[in-house]
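Peer 1: Let's have the full structure, built from the sequences with the hints guiding it.
From first to last, the protein sequence lines stand for chains Y and H.
Residue numbers for the first sequence follow the working numbering, so the first one is 10 and each next one is one higher.
Residue numbers for the second sequence follow the working numbering, so the first one is 930 and each next one is one higher.
Calculated from the structure, these hints are not laboratory results.
Values in this document were obtained by computation on a predicted structure and should not be read as measured data.
Backbone N, C-alpha and C define an ideal beta-carbon position, used for all residues, glycine too.
Errors might be hidden in some of the hints.
Just some of the chain Y residues that point at chain H, by a computed CB distance under 10 Å [stated by the list, open to error]:
hint	residue
1	Asp17
2	His66
3	Ile84
4	Arg97
5	Ser100
6	Glu106
7	Asn107
8	Gly111
9	Leu125
10	Met161
11	Val212
12	Arg223
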Amino acid sequence: MPKLGVYDLAVRYGKLTAISDLSFAVAEGERVFISGPNGAGKSSLLSAIAGAVRAAHGRIEMDGEILSGLGPESIARRGLSMVPEGRRIFSGLTVLENLSVGTGMRNDRSAVAEDLEIAYTAFPILRERAKSPAGNLSGGQQQMLAIARALMTNPKVMLVDEPSLGLAPKVVDEVYDRLCQLQALRALTLVIVEQSSARAARVGGRMLLMRGGRIVADGDAASFAARDLLTEAYFGDAA
Amino acid sequence: MSLQLLFDAMALGGIYAVAALGIALIFGVMRLVNFAHGQFIACAVFALIVPSADALAVMGLGALPAPVLIPLILLIGAGLAVAAEALVFRPMRNASPVALMVSSFALGVALQNLLLVLYGGRPKAVSLWAELGHPVRIAGASVPLLQLIVVAAVVVVLAGLALMLRKTRLGLEMRAAAEDFTMARMLGVRSNRVISAAFALSGGLAAVVALVLVAQTGVADVRMGGQIMLVAFIATVVGGMGSLSGAVAAGLGIGAASALLQAGLPAEARPFRDAFLYGGVILVLLFRPQGLFAPVGAKPRV
Ligand SMILES: Nc1ncnc2c1ncn2[C@@H]1O[C@H](COP(=O)(O)OP(=O)(O)O)[C@@H](O)[C@H]1O
Ligand SMILES: [Mg+2]
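Peer 2: Here you go:
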């Protein structure tokens, strides 16, 4: 049984069809990148899995349990966590308060304290800034906070939407380093939207390529990157 | 400025602030302007007295001693608001903000008609805590004891609410939900719990306003909630929709300005007090259409 299964998914906004006939499965502990041009439906896919937008059709399962139709809070409580596009930090709350929002559903107080320590160790800046408003953090720090905030829910599956958007390459390196460490440490299943196939290849994992609301290719990230390099070589650096 | 006038200004401003907060709390989490808030206030007023169409009210719950009466009326206000949410607004959770607003109007009209059926349309004389009308002397000025108590009560209510929002789990969830409701839900925050809590608090605040209004005016009138709702709504707009501290500040400001204008304007200009007041409001909104304290990053519901 896959950890996460998406079957025949369709997502519509009024008359606009963002996703149709989309199916894929993710194994436990796997790292899957989703790539594709703007408007391909990547964010819509993650939002549908997290329950933030309603699926018009199809079924989403985690550990064989049907998630589609549940509200986002119920899906979060089953162990699926989201690092959304644009980070969506609670800017009026302190850093520590941001990290605490997702622990309300947990009863294991001592494990929560351990997770906070893990988050602080992975991102020491968050410990330093724990008491200051999250809105004062830089873009990279907000991305780290969004990842740490998702981690505090004790997820089994984590969805990460374009963590590299708007960040300097060095910061992106750091974000991915930490993400991979946390994945190993917590045995996470990761689904990451990433535009750059070169970046995905360097981090390593499987890659799904989306276009027009469908998956058009599925394979190892490294093979995509090689193909993109070829395209780049022939057609300039558009890719 | 006399001490008496200062307390008048603080008491009126405090009541407007508490009423505005009742509207801002619900707007914060639901993007709903609850126009039934005035009728929540009126219902809490009439809960004090025995249903009848007579001009002189017979105290029902209102006859209970204050330590019992106050929590009971607060609970009734909270319960009414929570029930209204569950019965009217929850089935419309995915409706547009305009549809929600219209149904809040409808709910207000329904509640007002219920009161008319039970109590008749004539204003009633109600004597609640009449002994508090006695003046006390502070620093040479004479101030009604009731004004002192009202000011103290407003301070206690505002401080209590601020503490609750800052220090409790529920408060944290409400603040997160007010900023980005869907994101809070994706972190496991239960929407029903947060919304019910906002309505309960809002209904409790409506009951506080009700108790103060009755004690101050000695009247129960089916329409009394509508007037204060109007001022409170204006205060939330001036304060910046969704900003709790903005609603409080604007409520205090409008109440204080109103009391000061009443005292300071020449007698022949007094009938136009509200024209001066709302002229000021319009000026503020011309320069800051988003209100004085527009909240950071407030995102639409769902
Ligand atoms: N909330 C929304 N309302 C209406 N249309 C939307 C909404 N979100 C996305 N879309 C549309 O759906 C399509 C897919 O968008 P999105 O999922 O954001 O793609 P991607 O993340 O791959 O850039 C686009 O055409 C976009 O304009
Ligand atoms: Mg996107």
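Peer 1: All hints are to be evaluated individually against the structure, with a verdict given for each.
Peer 2: Verification of the hints:
1. Asp17: violated, 24 Å
2. His66: Constraint on His66(Y) not satisfied, violated at 18 Å.
3. Ile84: holds, 8 Å
4. Arg97: holds, 4 Å
5. Ser100: holds, 5 Å
6. Glu106: Holds. Min distance 6 Å.
7. Asn107: holds, 8 Å
8. Gly111: Cβ of Gly111(Y) sits 4 Å from chain H, so the hint holds.
9. Leu125: violated, 15 Å
10. Met161: holds, 8 Å
11. Val212: Not OK, violated: Val212(Y) not within 10 Å of chain H, min 24 Å.
12. Arg223: violated, 25 Å
Hints 1, 2, 9, 11, 12 from the list above are not met by this structure, while the remaining hints are.
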